[in-house]
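Both chains are given apart, each in its own frame, so use the hints to dock them into the complex.
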Amino acid sequence: MTPRAARVAMWPVLLYSVWSVYSVAVYSVTAYSVAQQTFRSGVDIVRVDALVTDGRKPIAGLAAADFELRDNGVVQTIDSAALESLPLSLIFVLDTSGSVAGDKMRHMGDAVDLILEGLHADDRAALVTFSHRVWLRTPLMSDFGALRKMMSSAAAAGGTALHDAVYASLAISDVQDSRPLLVVFSDGLDNMSWMGADVVEKAARRANAVIYGVAVAADTTYRRSMSGGPIAVPQYTHGQTDFLDAIAEATGGRVLKADSTDKLPRAFDEVLREFRTRYVLTYSPRRVDTPGWHRIELKVKGRGADVRARPGYQR
Amino acid sequence: MRRIALIALAAACLHAGRAEAQQVYAGVLLEYLTGDADAAVAKARSLDRDEILAGLNAFNTTRSRLVLTGAAALHTEAAFRSRFDGVLGTFHLQVATAIIQFGERAGVKTNTPLSIRPVFAAPVSDDFRSLWYCTVISILEDATRLQQADRYLDHALTLFPRNSEIQLLAGVLQEMRGSPRTSGLSGGDRRSALQAAEKHYRAVLTTQPDRLEARLRLARVLQQRNELAEARALLTPLSSGPDERIAYLADLFLGGIEDTFRHEDAALAAYDRAAARLPTAQTARLAASELRHRKGDRRAAADAVPAAAGDANAFDPWWTYVFGEYWRADLLLDAVRKMRRA
Chain A
1 MTPRAARVAM
11 WPVLLYSVWS
21 VYSVAVYSVT
31 AYSVAQQTFR
41 SGVDIVRVDA
51 LVTDGRKPIA
61 GLAAADFELR
71 DNGVVQTIDS
81 AALESLPLSL
91 IFVLDTSGSV
101 AGDKMRHMGD
111 AVDLILEGLH
121 ADDRAALVTF
131 SHRVWLRTPL
141 MSDFGALRKM
151 MSSAAAAGGT
161 ALHDAVYASL
171 AISDVQDSRP
181 LLVVFSDGLD
191 NMSWMGADVV
201 EKAARRANAV
211 IYGVAVAADT
221 TYRRSMSGGP
231 IAVPQYTHGQ
241 TDFLDAIAEA
251 TGGRVLKADS
261 TDKLPRAFDE
271 VLREFRTRYV
281 LTYSPRRVDT
291 PGWHRIELKV
301 KGRGADVRAR
311 PGYQR
Chain B
1 MRRIALIALA
11 AACLHAGRAE
21 AQQVYAGVLL
31 EYLTGDADAA
41 VAKARSLDRD
51 EILAGLNAFN
61 TTRSRLVLTG
71 AAALHTEAAF
81 RSRFDGVLGT
91 FHLQVATAII
101 QFGERAGVKT
111 NTPLSIRPVF
121 AAPVSDDFRS
131 LWYCTVISIL
141 EDATRLQQAD
151 RYLDHALTLF
161 PRNSEIQLLA
171 GVLQEMRGSP
181 RTSGLSGGDR
191 RSALQAAEKH
201 YRAVLTTQPD
211 RLEARLRLAR
221 VLQQRNELAE
231 ARALLTPLSS
241 GPDERIAYLA
251 DLFLGGIEDT
261 FRHEDAALAA
271 YDRAAARLPT
281 AQTARLAASE
291 LRHRKGDRRA
301 AADAVPAAAG
311 DANAFDPWWT
321 YVFGEYWRAD
331 LLLDAVRKMR
341 RA
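These protein sequence lines map, in sequence, to chains A and B.
Oh and the first sequence: position 250 is 250 in the numbering used here, straight run, nothing missing.
Oh and the second sequence: position 328 is 328 in the numbering used here, straight run, nothing missing.
Hints are supplied without guarantee of correctness; some may be wrong.
[What the hints assert, rightly or not] To give a feel for the contact side, a few chain A residues facing chain B, derived at Cβ under 8 Å:
1) Leu-136
2) Pro-139
3) Tyr-167
4) Trp-194
The set of hints was computed from the structure by calculation and includes no laboratory data.
Yeah, the Cβ is synthetic: ideal placement off N, Cα and C, and Gly gets one too.
Only chain B is shown next, with the shape it has when bound in the complex (with noise of 0.2 Å):
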């Protein structure tokens, strides 16, 4: 039944234009519906622009009401799948970014020079709409695209203020400005955009007092800021926890709060916790192994190097920390796929 009501949706879509290009189109978005996802989504990202173009248009015109989840599903993958690769992968984008942003309430700026304006088909759900966007701004943040991210973070913050996970990647894509390894602002701006982080995070935990990913990012930037009694508070229960990224974190920043107070002892405790939690990191050793060596136990601190530094396969959660729940991205790009037919 839903197959075939599928197919209406395409074959109204279809209708609609009667051209070569929608027929093209058309055949593509159905593949996606009911077919083989993936192989739809290739060919997505072969069809040309007038193809996409003359799909577009036929959204204006077609009966059928639920079409523009799929193709805004459709595009968000020939987007993102692979990898974000430049000029396709932003037409796609806009594509997907007109269908999702129609029906929006008006007052906020379209991120997009597309529109369409479909007499029948419905808006996209809420539902899905919140989760496009967090999925569109996690992979914009981890390619390091800030201007663009914060462009649809305005729309999502303003759609959805109490969404407590656009709420986290707005807190993400602060402190990304906040840090001189994704961006390259003054001191001051810095200060400015940390302490805009801290003020997303405490948003999250509001409405999410467990989501530990919020409790570790706000009290890092509590670090950053001096706050260090709260940012301690924060991370002890954090150190201890079951996730052995967030526990090796919160040590490795436990470490640096208890060595700005000169309380050295508690300061190696919790790096040596952390690298002991982690083996195949080497943050953690080298800031043991610098404090060792302020010490004085320089044997000590040069005996720590090659094993912190010597493992051809050392990862380190320090080294991805600064561009969010990065592993994310594909994930939601599943459930986006999942809600195709919603």
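Here chain A stands alone, though its shape is the one from the complex (with noise of 0.2 Å):
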């Protein structure tokens, strides 16, 4: 094989490798003229999405060496830490089957209602619903009329498939040139899937979106306070956020615990509040050429803060 043929067979080793590492180079390269058929190595540039807080606030103001970052135990040099550099896409990931009918679904309107109205002109938004079947109601657009149309024609009856309807969501998250964000919400457990949730947990490693559940309590019970009044404990079922827990911890988002259905509009507020405060960093990958999945641990340099990000990437 001569060189050239050779660069030719890396081609679309090159193109996924780069696909998959989420670089924002990946745009430029996939737009290089395939009869170039050129490669230059280290042209791939990973891009860490990442929450910073002091335990409760999160911190701004951060710059780029104010992190440390290590792939595969390997320091890297960030070339850029900031606020909101892209547009968002957000995809609501929303539960319609039987249990959610009559309140549920109208404060789940009314949460899709006040996130739609903190989105940015840039932004894009779409609407997957699941019962026992996953659909699509409207794909990745600016037409938040249609989406909010959409949703109040929702009607919620069937089963659960939350897994096939998170992977379905995960996989048209990859859009270039935005930050895809999943919002996920059921009241319960998976019962109609296809896909098993270590499936759709692997999907989520291996995608670009960060996901933020929000689960319902499924009951409420009372304790007395001290006082002797009654105090509410919402009950959530066994393993009910489990799933919810393992695609937010494999993304580097997290599961907000609404309590009742009533919170659901000033949760999804603050999944959004919390997103737009995330730092994007991205660096390019150094010393670390192995292909596989490569574990990244950030953390901010002399000061004890909670940072939250994926916990890798598949290269």
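Printed below as a string of structure tokens:
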């Protein structure tokens, strides 16, 4: 094989590699004319979406030099650390199984309205609902009115294909020049999906999106306070948030417990506000060329900040 | 001649009690046997309990030998036509059960607090009884009333141990127990349920090797029990069969098996075959998309989603697989009605 032929043969590998590490360079590389058949090593740029807090509130004003990032244990040079450098691609993944009929559906609609009001003109949103079926009601688009209309026409019935719905949403979240965010709401356990939780968790690790889960308690019990009055204690069924916890962890997101559905709008609003405070860090991996899973360790130098980011990426 | 005999049956019923309630009941039964059956079923649903119990008592003294089959059919339809709606439906089912279980051999615990002790009326035939059990169990399974269905299955399996349709329903019930969709059993109990389902499906295929539903379900149970080679051997011929639902599910399950073997190309081919077979179904398309995503073809994975999940008229046999041949419930009720004069 000639060197030129070898380069040609490597082209699909390069595309896959670059695409799968969510490189911002992927777009310039794929825009390259294939006829050029040029390969330059070191063009991969890994993007890491990170939430930094003092334990309660986000910490603002950090620069690239404030972070220490290791890729498979090797310290990397961070090229940039910015807030909101790209528009948002928000995908609602909402449970419309029979158990959310009535007030829950209404509260969910209110929550969607509220989060849409917080989006910017260049942001995009999509609506995926799931019962026994997964339904892509609107693709990613800027016409939020159409999304609201589809949401208001959704009816609650059937089982819960949560895993399949999250996978479908991850698949469509790989879009150029934006930060994909999945907001997943479910009030129960999956009982209808073809895909297992482990399969979808692995897809979440491969994908680009950050996932925020919102769970609602299945029931509320009461206990007596010191003063004798009742205190509501939300009850989550055994294992209810396990899947949401796993996919949020895999993508550097988190799960918010809304306790009751009337608190859904506040929870959705909190997701968007928090996501807006996340840093987007980029770096070109050096001395870590091996394909496969790359573990990422990220911390803020010299202070006890909490950092939440995806634990790695597939190369 | 038949009509005269039926009128005589109803008259005998009337004669037995002479009470007004019995007359009302006998009128409904007569209409069911000789007139507008749909109207009679609606009237039966509007009878009060005393009228029904009065009618039931009349069976103990009537000299009509053949009245019980029609009465059982009437109450079965009253319980299950339109929908199975709680208290009223349950009472009609109890009445039908009392009639059916009269004359069954001793040793099987009854399913109903009601009972009849006719002096002259004959028990229903075995043919009707086995059809009736199949009907009731099918409907209860479709309504995911698994405990109730199980009690009827106990009777049916004791009375008709070689009846392949009852064995199939017993397998479906165990499979439902083994599925997180329809039961909250622990992992261990789930495995036991799948093992029991396997036993029933094998019994079906022993007596009826061409019962494709049993073949498909045995394969699925074996797949879940990690007996993949036998599952694949059972599914392969089904995937090219004429029944679209069975062929689709066979290819979907084959895709899962090949994927477990890490035969990604074979898995993809199976999912693609299933998707081509039923274009409105989404599960096979999503499964193929996930496999492509895993293989790194993320553009193709994303492109498949709108076709899989964007169709408002989508229907997928996977959604209803766990409920067995649910569509047969109404057909079985029709068959019960056809035999009402037997």
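Structure-based check of each hint:
1. Leu-136: 4 Å, holds
2. Pro-139: 7 Å, holds
3. Tyr-167: 6 Å, holds
4. Trp-194: OK, holds: Trp-194(A) within 8 Å of chain B, min 5 Å.
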